[in-house]
Amino acid sequence: MLIKRDFYINGRWVAPVTPNDHPVIDPSTEDTCAIISLGSAADTEAAVAAAKAAFPAWAATPPARRKELVAGILTQYEKRAEEMAHAIALEMGAPIDFARSDQAPCLPWHLTNFLRAFDQIHWIKPLGDHAPGAMIAMEPIGVVGLITPWNWPMNQIALKAIPAMLAGCTCVLKPSEESPLNAMLFAEFCHDAGIPPGVFNLVNGDGPGVGSALSAHPDVEMISFTGSTRAGKAISKAAAESLKRVTLELGGKGANLLFADADDRAVLRSVRRMMENSGQSCNAPSRLLVERSVYDDTVAKAAEIANSIAVGPALQAGKHIGPVVNKRQWDQIQGYIQKGIAEGARLVAGGLGLPEGMNKGYFVRPTVFADVKPGMTIEREEIFGPVLSIIPFETEEEAVRIANDTQYGLTNYVQTGDAARANRLSRQLRSGMVEMNGKPRGAGSPFGGVKSSGRAREGGIWGLEEFLEVKAISGYDASVAAE
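Count the sequence shown with UniProt numbering and you get residues 1 to 483, in order.
Think of the hints as simulated: they come from the structure by calculation, not from any bench. Mixed in with the good hints there might be a few duds.
What the hints assert, rightly or not - Distance condition first, Cα-Cα at most 25 Å in a straight line; then the derived DSS-like pairs of lysine-lysine:
1. K439 to K237
2. K79 to K67
3. K319 to K237
4. K319 to K301
5. K339 to K373
6. K319 to K339
7. K4 to K327
8. K439 to K301
9. K67 to K125
10. K301 to K339
11. K339 to K327
12. K52 to K67
13. K67 to K451
14. K79 to K4
15. K439 to K373
16. K471 to K125
17. K373 to K319
18. K301 to K373
19. K237 to K52
20. K451 to K233
21. K52 to K471
22. K360 to K327
Make a model of the complete structure from these sequences and hints.
Right, dumping it as structure tokens:
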């Protein structure tokens, strides 16, 4: 059992002011795999004070030097990549091969993309020839609070901490108490890369404790949050009193429009993408909208594919999905499956209870419902588990109407062989992202949504600019070297 009760504040590991032990549960076994301490308001205060004290010097550090120091995190990751993958598998249930190939490598992927985007920033530039002496400066916003979830833990830390530090901000990270081990490794990477004390700080804790304290703290200039829409609303209200900037990346209920002319692998691609990470992705394509002429065949294929997906422990090698993160999540998913049955959807794969042969662990059967009608609970609400809803449509116009009839707007998907239709739908679907025919987002493209999915834009140049303020300067003499 790992015991990691300390917090990383001002460049060193320090004991919490008041120890408050919290078990980290391995969802594959339901056993405790680590013990951490949940922070208090006093711990949060110490971390914010350290970040505030470090900000002037870090903001004044030449951008090239900041880039050099942050790039050093990549070297530390490469030394301990297997340790990172193992931590993620242990604490949140990602299968070890998936943790190695997809979860842990989010750090080098995003770091590399941010370093590329960093070179595109003009820290001070003329407004234009029409306005001599008018300059636009880009400056770090200040101390930022970063609140990250458990489902893609290193992905979200990399999308926040890396651009914040590159921009010249200092930060306090509160990772999910469900998956803190990867975050503590990241703190070690920052320390060993030579990030100056106080630039990056970490306090473990829960939302009502550390999360609320960060959101309301007057010395925190910005909160960057990824999590539920409910929590995002609460953070926005708490942050309003101090008028801090808030960026939110929240839930989703992605529609996946599959037309009769889609390629032969469209159904396989759609089901597997839904079940990836045990369905615990805010951008999961959880609503499969299918053109009526291929509906019956698609339902049959989807059921067959779901039934072929293996479920197994996170530390077991092989291609399978793991457990969901905890008992509360498992119970919630079971409730949604029960609602789907009760409201008249047709269960064609999976269903209630543990997978066959399992009597322990938070495992969910890969589940597919057909004949789902708009307005059913499983069509409206984010389930955050391996549960797919299939809905028929007659026309393109009907498909767009159903897809857009949701409070969410994170990612939508299109499967069609008609390029003109694909282009048309990419503009009509109301979401921050649209992925078509299995093509992934480009390196450095922004991740974020609209409506109740929040309006953050994380990744690439957009992700860096979220941590920068724009300053307008007049009477600036560009012929004089800056001090």
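Structure-based check of all given hints:
{"no.": "1", "hint": "K439 to K237", "in the structure": "violated (37 Å)"}
{"no.": "2", "hint": "K79 to K67", "in the structure": "holds (20 Å)"}
{"no.": "3", "hint": "K319 to K237", "in the structure": "violated (43 Å)"}
{"no.": "4", "hint": "K319 to K301", "in the structure": "holds (20 Å)"}
{"no.": "5", "hint": "K339 to K373", "in the structure": "holds (13 Å)"}
{"no.": "6", "hint": "K319 to K339", "in the structure": "violated (30 Å)"}
{"no.": "7", "hint": "K4 to K327", "in the structure": "holds (23 Å)"}
{"no.": "8", "hint": "K439 to K301", "in the structure": "holds (21 Å)"}
{"no.": "9", "hint": "K67 to K125", "in the structure": "holds (20 Å)"}
{"no.": "10", "hint": "K301 to K339", "in the structure": "holds (24 Å)"}
{"no.": "11", "hint": "K339 to K327", "in the structure": "holds (18 Å)"}
{"no.": "12", "hint": "K52 to K67", "in the structure": "holds (20 Å)"}
{"no.": "13", "hint": "K67 to K451", "in the structure": "violated (34 Å)"}
{"no.": "14", "hint": "K79 to K4", "in the structure": "holds (21 Å)"}
{"no.": "15", "hint": "K439 to K373", "in the structure": "violated (28 Å)"}
{"no.": "16", "hint": "K471 to K125", "in the structure": "holds (11 Å)"}
{"no.": "17", "hint": "K373 to K319", "in the structure": "violated (32 Å)"}
{"no.": "18", "hint": "K301 to K373", "in the structure": "holds (20 Å)"}
{"no.": "19", "hint": "K237 to K52", "in the structure": "holds (23 Å)"}
{"no.": "20", "hint": "K451 to K233", "in the structure": "holds (12 Å)"}
{"no.": "21", "hint": "K52 to K471", "in the structure": "holds (21 Å)"}
{"no.": "22", "hint": "K360 to K327", "in the structure": "holds (11 Å)"}
Consistency with the previously given hints fails for numbers 1, 3, 6, 13, 15 and 17, ordered from lowest to highest.
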